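A.B. asks: One letter stands for each residue in the lines below.
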Amino acid sequence: MILARAVQATRRYGDVTALDRVDLELPAGELVGLLGPNGAGKSTLLSLLVGLRRVSSGRVELFGGDPRDPAYRRQIGMTPQETGLPPTLRVGEVVDFVSAHYADPVPRTELLGRFGIDDLTRRQTGGLSGGQKRRLAVALAFVGRPRLVFLDEPTTGLDVTARRELWDGIRQFHADGGTVLLSSHYLEEIEALAHRVVVLGQGRVLADDTVNAIRDLVGVRRVSLVAPELPALPGVRAVERTEGVTHLLTTDADQLVRELVGSGVPFSGLEIRPSSLEDAFLAITEARPAIPAQPQDTATSAQPQDTASAQPAAARSEPVPAQPADV
Amino acid sequence: MRLSLVHARYQLLETVRIPIALVGSAFFPAASMLFFVVPFSGDDPVVATYATAAMVTFSVMSTNIFQYGIGVAEDRAQPWDPYLRTLPTGAAPRFAGRILAGLVLTLLSLIPVVVIAAVGTEARVTGPAFLAALGTIVVVAVPFTLMGLAIGYSLPSKAAIVVAQVVFFPLAVGGGLLFPPEASPGFIEAIAPYLPTRGAVELMWAAVGDFQVRPLSVVMLGVWIVVLSAIAGWAYRRDEGRRFS
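Protein sequences, first through last, are from chains A and B.
1 is the number of the first residue of the first sequence in full-length UniProt numbering; add one for each residue after it.
1 is the number of the first residue of the second sequence in full-length UniProt numbering; add one for each residue after it.
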């Protein structure tokens, strides 16, 4: 059963297209990660799915109906931004207040206990620490015994322990049959929780696949070395030269090094580094629209300078990946 | 309906947690009572009663302009409002709750005025007149609630504070709230009927004494209500459109 669906959902703010013909299906029981840089359209997509905003064209569905109709929001849960909690209300009051909107809410003590903040019931939310507010905000998503929760950056600002605890809570909900759409900046968080990942960039779905497939896609390694000249090497996505050092971007660094050694070329200063999350995002989110037609087969070092000069990113000496396959 | 009460309850709770907000809305009318009404009209029951009714009107006006003008503008800036919109109810209970809470706060802010009048002046009303005045207060609160909503929904909170402050004093003076009936300076007599405060205070005077309401003032009050509800409705829809469409 599909709990939430977007069909060619487009949302414009004036001239700006925040979301561009997005298709998405959330089947019951899935835990889906939503990744994307700032401004990619994550918040807009969430706001469409929970009925806060209207599509400009296309449609969104929640439990088979229009999310703007309150009746279809009975079985969802959403986190407020923790900065928005009414500062003068006590934790228990905030929970009671939100509970009043549901037919069969989770009892207050049980809910707060589940998130480790039952000792804060009498505290005003304005006096809570950032992490405590965050837990309360996430707890509120679960008040109404939802079947589907939308968690927008649930662990931002939490320390490691608190983050792991919250992850356990989310896993438990999912293990009990709950469906989750989780947006995050942290690839680690998505890896830890999600089975499926949707990558948004510039308002479009750039990738929608299992975590492993996405990881392979963005799991580019940077192999740096000093060498006078290199033969054609398999598996190289892009080549870049800065100050005598050659950087090769590859998804299979082991194989590349084997080939390199086997080729007998003299080299020194070998270094292998994983791409940062930012690199990975750039690989998926920026490469696609900006890829020029001709250097697609720069799997070898044949045209490195062209590739580098074609993209402003090279000015910051960042990797310039060639077309990631099949995004 | 039950949810509207829940919303009203939590809105009141939020307000009560910052008691200075309550003091603020009751301060001006109470202070005006002490400075203008008690020393100058203490010995004449009719004058004192009319002056008290004028201060009640003043209080209703300032409480509503401030609580809605500033309260709504501040809430719009908070992400809590959008969050509540994701709960399985529409915007209606929140709105109804706000109006209910506003009415309660309006009545609370009147207590000091009434107490000062009863203790410090000769102002007296009969039981039926008191009830009539209570009913009139609810009616009179309408245009000022709409004015507050219009300000709150159309302006950011910093601008709303300024506009609320700029608006309420001229309305009070211009409407003749600070003078006995028919005793305002000439230019105020001339402009007063065209201000919503005048129609409001005349209705209050009629409720507590045998004051003859002037048709022009009441007609203009009706015009104000129509115009203000149009502006408030426009501002509300525009804000909804910006944030939730």
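Just so you know, the hints here were simulated from the structure itself, not pulled from any lab data.
Hints are not guaranteed to be accurate.
To be verified - Here are a few chain B residues that face chain A, going by a calculated C-beta distance under 7 Å:
{"no.": "1", "residue": "Gln78"}
{"no.": "2", "residue": "Pro79"}
{"no.": "3", "residue": "Arg85"}
{"no.": "4", "residue": "Ser157"}
{"no.": "5", "residue": "Tyr236"}
To be verified - Derived contacts from chain B toward chain A, CB cut-off under 10 Å, selection only:
{"no.": "6", "residue": "Leu13"}
{"no.": "7", "residue": "Glu14"}
{"no.": "8", "residue": "Val16"}
{"no.": "9", "residue": "Pro93"}
{"no.": "10", "residue": "Gly135"}
{"no.": "11", "residue": "Val139"}
{"no.": "12", "residue": "Phe187"}
Remember, it's a predicted structure, so these values are computed and weren't measured experimentally.
The beta-carbon is built from N, C-alpha and C at its ideal position, and this holds for glycine as well.
A.B. asks: Does each hint hold? Answer for all of them.
C.D. replies: Hints, verified against the model:
Taking 7 Å as the C-beta cut-off, the interface hint given for glutamine 78/B holds, the closest approach to chain A being about 5 Å. Checking proline 79/B against chain A: minimum C-beta separation of about 3 Å stays under 7 Å; hint holds. Interface hint status for arginine 85/B: upheld, as the beta-carbon distance to the closest one in chain A is roughly 6 Å, under 7 Å. Nearest Cβ of chain A to the Cβ of serine 157/B: about 15 Å, over the 7 Å cut. The hint is violated.
Of the supplied interface hints, the one on tyrosine 236/B is violated, with its beta-carbon coming no nearer than about 16 Å to a beta-carbon of chain A, more than 7 Å. Here the hint on leucine 13/B is kept, as its CB sits about 7 Å from the closest CB of chain A, short of 10 Å. Because the beta carbon of glutamate 14/B sits about 5 Å from the nearest beta carbon in chain A, less than 10 Å, this interface hint is met. The restraint placing valine 16/B at the interface with chain A holds, with a minimum CB-CB distance near 9 Å, inside the 10 Å limit.
Taking 10 Å as the C-beta contact cut-off toward chain A, the hint placing proline 93/B at the interface holds, the least distance being around 8 Å. Checking glycine 135/B against chain A by beta carbon gives a least distance of about 31 Å; that is not within 10 Å, so the hint is violated. The closest approach between the C-beta of valine 139/B and any C-beta of chain A is roughly 31 Å, which is over the 10 Å cut-off, so the hint fails. The interface hint given for phenylalanine 187/B is violated, since its Cβ lies 44 Å from the closest Cβ of chain A, which is over the 10 Å cut-off.
The structure is inconsistent with the numbered hints 4, 5, 10, 11, 12, although it conforms to all the rest.
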